[in-house]
Structures are given as C-alpha cells and as structure tokens.
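**Q** Chains as they are written, first to last, in this note's numbering: chain A, 1 to 386; chain B, 1 to 386.
What the hints contain is simulated information worked out from the structure, not anything from laboratory work.
Possibly wrong hints are sitting among the right ones.
One copy or any two copies: either way a pair holds, since identical chains are not told apart in the list.
[As the list claims (entries may be wrong)] The list that follows gives simulated cross-link-like pairs (lysine-lysine, DSS-like), each with its CA atoms no further than 27 Å apart:
| # | residue 1 | residue 2 |
| --- | --- | --- |
| 1 | Lys382 | Lys357 |
| 2 | Lys297 | Lys223 |
| 3 | Lys43 | Lys379 |
| 4 | Lys44 | Lys382 |
| 5 | Lys85 | Lys52 |
| 6 | Lys324 | Lys169 |
| 7 | Lys223 | Lys85 |
| 8 | Lys343 | Lys52 |
Number of protein chains: 2
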Amino acid sequence: MNNFEFCVPCDILFGEGQEEHLPEKLKAYGNKILLTYGGGSIKKTGLYDKLKALLHDFEIFELGGIEPNPRVERVNDGAKLCREKGIDMILAVGGGSTIDCSKAIAAATFYEGDAWDLLTGIGQITKALPIAVVLTIAATGSEMDCAAVISNMQTNEKLLMGHPALLPKISVLNPENTFSVPAYQTASGSADMMSHIMESYFDTVDAFVPDAISEGLMRAVIKYTPIALADPEDYEARAQLMWTSSLALNGLLETGKSFMWSCHYIEHELSAYYDITHGAGLAAITPKWMRYILSDKTLDKFCDFAVNVWGITSSEDKFKLANKGIDATEDFFRRIGLPATLKEFGIDDSRFEQMAKKAVAIGHLEGAYVPLNEEDVVKILKMCLA
Amino acid sequence: MNNFEFCVPCDILFGEGQEEHLPEKLKAYGNKILLTYGGGSIKKTGLYDKLKALLHDFEIFELGGIEPNPRVERVNDGAKLCREKGIDMILAVGGGSTIDCSKAIAAATFYEGDAWDLLTGIGQITKALPIAVVLTIAATGSEMDCAAVISNMQTNEKLLMGHPALLPKISVLNPENTFSVPAYQTASGSADMMSHIMESYFDTVDAFVPDAISEGLMRAVIKYTPIALADPEDYEARAQLMWTSSLALNGLLETGKSFMWSCHYIEHELSAYYDITHGAGLAAITPKWMRYILSDKTLDKFCDFAVNVWGITSSEDKFKLANKGIDATEDFFRRIGLPATLKEFGIDDSRFEQMAKKAVAIGHLEGAYVPLNEEDVVKILKMCLA
C-alpha cells in the first residue's frame, strides 16, 4: 500500500427533495449565482423551474447549452461572464460535461489569459469560484472530485485539469433527477463508472481495502444498470448507480494505489477526434485492452476479477477463468446496449498512429498497470475495430 | 435507500513518515498545542520524542495519562487547562480513548459548566478547538468521525457526544505507529471495527453499495488480523487494518441506512460497570446477539453475511448456512484470542437488569434492526455468561 492523502470536503446531499437545502447552504457563498446547464433537458423535466423557484432570493445569471465534451471556447465565455457580473458561485445542473465546464470556468475566472493554458500547464490554477452541483446523470463522478476534462476541437485535444479548489462544495444527488436519462446515456454512464473503478483496480499496487470496495461497486453497476434500463424510474437502482458514480472517482478507490490509468487516455483520443460519447467509447476499448494485457503477470488479478466481480466459479485453468471474466465484461457492455466495436461509431484506422502517440504521451502510459507504447495502443485500437 | 448527508472534511495523511507534514498543516491553526496521550507507550516507542522534535516551533502543553474508557473528570481538567493557557489546538496522540477525551476537551473548552452536561444533553456543543490526531491503534475510528464516548464511573454511565466540530481536521495514519500494539489490544481493536461494520450492515434498511463495502471491509479485518498477530510489524496488515478502522466509522457505511445500533449500547453498559476493554466486550456479545435475533425475518441477511463475508458455500438449509456464518464469527473472535464469555471477564448476572434498562433507554433499542426490550437484553447477556 502506497502512502496517500485523502480529503474530500464535499457536502453530499443525497436523496429525493434534497434540492430544498440549497438556498440555506448556498447563502454562505454570496448572492450572485451563475446557473450552468446543458442542452435544456432540465427545462423539460421541470428541474430548471424548481431550482429557479427555490433560489428566488438569489441573483441568477445563466449559461445554458453546454455541449457534451465541453469546449474551451465555452469556458472562456463563462469566465468572462463571471468577471463582468461579479459572480459569487457557480451552480452546475447537469452531468459531467456541465460540471467540468463549470469547474474550468470557476478556475478561469481568476486567470487572465486563455483558459486553455490551465489545461496545458502554461497557466496555473490558483483559486476558483465555489461550485455547487445538482447532478442529473450518474456517470463521471465529477460531482465529488477535483478534476475537469475540457476539449479543444481545433487542436483535437482533450485534456485534464485538477486542483483541490475544483472540488464542489455541495453536491445534490437526487436519484429522481436521473429518471429521465435515456437508455444509451444511462448505459454509457455505467460504462464510465465501471471504467473508473477498473482503472484503479488494475494497478501496479494491490491494496486489499480499496480493491474490495472496487469489487463491491462494480457488482453494484452490474446489478443495477439493467434494472434502471428496464424501469428508468426505479428509485433504488438509480440511487445505487448515483452513489456509485461519486464513490468511483472521489479518490477512495485510489487510496494506497499508483493512480496510473490506461483506457481513459486512449478513449480521450477517440472523443477528441470523433466527439463520441465517452462511456460508450470506453465500453468498446476496455475488453480489448484486457485481452491485450492478460499475461502470466496479470493473471491472478484477472482471476480475482472473474470470481469476485462476476461471480464466476473457479475453473481449473486460470487463463480460462480470466478470459471468462473478460467475456463477461464484454457481454455486459453489449447487453446494456453499447457498441462493441469502433466500426459502429464509424471510426476507421486512419488516425490510430496519431491518437496512440498522444494517448501515450498525455497518459504517461509507459508507467501504466501494463506499460503501453504507441505500438501497443495501435494494436489495441485495431482489436477494437471489429 | 434513505436520504443522507455525507461530508467528511478530515485530511487523512496515510503511511510511513506522514508525521513530517504536521508542522506545516498545524501552523494554520495557531501556535499553542495541547498534546494529549495515554499511558506513556508513545514515550517507549519514540513517537513522543519524534513529535516534540518535529513541533519545536510550537508552544506545547501536555496532558498525558489519559485512561482507557476516558473519564469526565479528565475532560474537565483538560478544558480548564485549555482556557487558562489559551490553547489553539489539540494534538491527540493515541487511540480511541485519547482521541475521544481530546474531542470532549475541545468542546468543553467553550462550555462554562460541567463537561458531563455535554454528554447528557443539558448543555449544547457550540464549537470546539481544532483537533489533530496521530493514531497509534486501529480500532475505534474516532480519528475520522464526529463522536466521542466518555465515562462517568460515579454514575456508571458511558455516553456519546457528537458534533461536526469534533471531526479531526487532520489525522496521521502511519501503520508503523501500531507495530507495538500488544496482541490483546490488536484483537480487541479488530473486534471493535468488525462490530462497527456489523452495526450498520445489520440494519432495517438494506442498501447495496454501503453493504457491499461493509462486506469487503469485514473480509479485510478477517484476513489481516491474524497476520498482524503473527507478525506485529507486518506493514501491509497493519495498513489495511488501520484504513479499515477509519472507513468503518466515518459515515460511509451508514449512507442510506437507518443508523440504529445494537451491540455497542449493550457493551457500553459492560464497560461502564466493569471497565473492560470495549472491543473484547463486543466480541463476547456479538455472536450471542446474532443467535438471538436470527429468525425468518433476518435469515436472508445472515445468509448474505455467511456467503459474502465468510465465503461459506451455500448449503441447502438457509438456517444452517446462517448459523455457519455466526459460528465463523464466534470462531474468529476466539481464534484471535478474545474472551468468548462474560465469565472470563469475571462478570456475573447481578447487574444485568440494571444494565439492560440503561442499554435499551440510551440506545433506543426498541428501534434497532431487531427491536430489543429489557427482557431481550437480559436474555442476550445471560447467553454471554458461559
């Protein structure tokens, strides 16, 4: 077990009706709120009206229409607005894209130059506006972490920024707010969670406590995703998925581990070039990555995975057992309706070398669970084609 | 799953050498530290000298000799000292007793009357001095929670106080600081953790995510306690136990559940009257409590417990399976060297009615997982005799 620091001062308000606590909680931060949201589904569901009514005592400015894989242009616009209007806090109502964009705006408000500098490292995050969240999809875990992923479609880059000031002060997790999430997005969210958990589970450092928790959270995703797909208003299923999304990425599963990821960096290249849904891309890549890295060295971990996550009873041959676990993973993603190949996204191999080069460089994949070079990543991507 | 609020702004510094970060972290809170500790084992291990050297820039006052099951008299003394010397923060170096006593002092410093009022509810906790912890035994979880248990031997009462201000700001969890914990205390600590986990696992509300995490943490205790007993300097075993102790009681396992406990309230009466080691008392009570409450209604949960925690392969008869899980629990406590009966503590049935009455009243046991009245508690205590 490695040394670690773990501190997550985010106030989680979980359950139906928890939005009602927002006025009291938010008034500690001031009066001027920037309300951020995505494509407007919150207007259809009534959540927008509900929040506006609840927050009638605050002065509210709005930034709607935040797109999936949020763009740096939007961040610059938002930061300018925050400075001009003297915004006190940001209330992000949505999923990972809205929250990540809001985090980047919160930091960019205190940065004079192009917000993209905060992603490339040219500029430094020094502080950020306080952020509150009303989560509307269980997926990225951004509601309880310190990171944001922002895209620059001009340079085909999708980069990560992280800073303790980006941790939301308050996150309202009301499972009812995810009842309206369509099947494909629900499934993609689950694939994203599964991948977050697997990124820390398959790690150069084994640590019993976080790994046992990871196994439990993966079983939660496996159990409740089909239930939520069959009945989108099943409160218990939506609740277990929502809490899993937050716990999957708040640092708990990384305690004592190396924090070196693999699949996310490969997928980030796919969505940077092709703008596909992040979780769906992960579902296509992950099982192929598993097959590629299965070896004598990783065998025991994959056997644990097969037995403790998928409940496969041990077979005589360890490789058979490990492969059954990978089969189960692949079947699960297909069963919940996600594409199993890149062909289904209309992606061919024309940019694989380019993407592999960037994934290895940005993700430091030579230090991953199983070290990957550009050639390895190209091979994995080719396995994903069909 | 019930609604819940979860917010744990405690900065965990985990691993060898983490004490070195204390000077930098503590200076945010001022200059005058009250250093609290127990019987002086920290002087034998060298931890006392190490901390004094590290904190040479601070003005340090001391309150040593804090006894197990800390007494209210000590709390009053400490609070008086804090007021007189204008203490800025408390650094508790020890286990649950030292930390709980320090928490109570931190709150009592801002209360004019007898500190016992804060336990009985006559007085209210309004604020507390900041508390930092260097943990020296994995057991109570007090290093990452908001509660403290204080004893009053004159009234034979052992009561709980809780307030967000009692959450330590910083907790240093260096597994090496537990290498010197004797076998009996190590085992008692593990029994305490197991009980904390079981108190929330066996609950009127089932919730997949916290319950799956609970199962993982119980498996950690079961796996690593014998290893730590066999080799007290096994870093990995001490590390897994230490992190488990904190996660077992920081609120995570209670998320969405009812937070109604049983065995702890019964055991508190034992240690209030007989001053026995808390974890050891729990080890004697818990399996008997399990046998007493096993019924058609609780059967499925006990089967989950047998299969998911103890790895018992399902038998045809569910009651047989459930009992095998309880047997395994009993065997485990015996195997790690803890008394299986109250006789071994020299406790007879002379005060059972009195204790049962208080346990039911203080613990609101009529609202527990399986409701218990005074008669039930007396029966359970009698089962524990031999």
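**Q** Take the hints in turn and mark each one as holding or not.
**A** Results for each hint:
With identical chains, the CA atoms of Lys382 and Lys357 are at most 27 Å apart within one copy only, with a shortest distance of 14 Å there and 70 Å across copies. For the homomeric pair Lys297 and Lys223, the shortest alpha-carbon distance between copies (23 Å) is at most 27 Å, but the shortest distance inside one copy (30 Å) is not. In this assembly of identical chains, Lys43 and Lys379 lie within 27 Å of each other by CA distance neither inside one copy nor across copies; the values are 44 Å within and 59 Å between. In this assembly of identical chains, Lys44 and Lys382 lie within 27 Å of each other by CA distance neither inside one copy nor across copies; the values are 41 Å within and 61 Å between.
Within a single copy, Lys85 and Lys52 get their C-alpha atoms as close as 19 Å, which meets the 27 Å cut-off; across copies the closest is 50 Å, which misses it. For a Cα distance limit of 27 Å, the shortest separation of Lys324 from Lys169 qualifies neither inside one copy, at 42 Å, nor across copies, at 46 Å. Taking identical chains as interchangeable, the C-alpha atoms of Lys223 and Lys85 are never at most 27 Å apart, the minima being 46 Å within one chain and 57 Å between chains. In this assembly of identical chains, Lys343 and Lys52 lie within 27 Å of each other by CA distance neither inside one copy nor across copies; the values are 43 Å within and 64 Å between.
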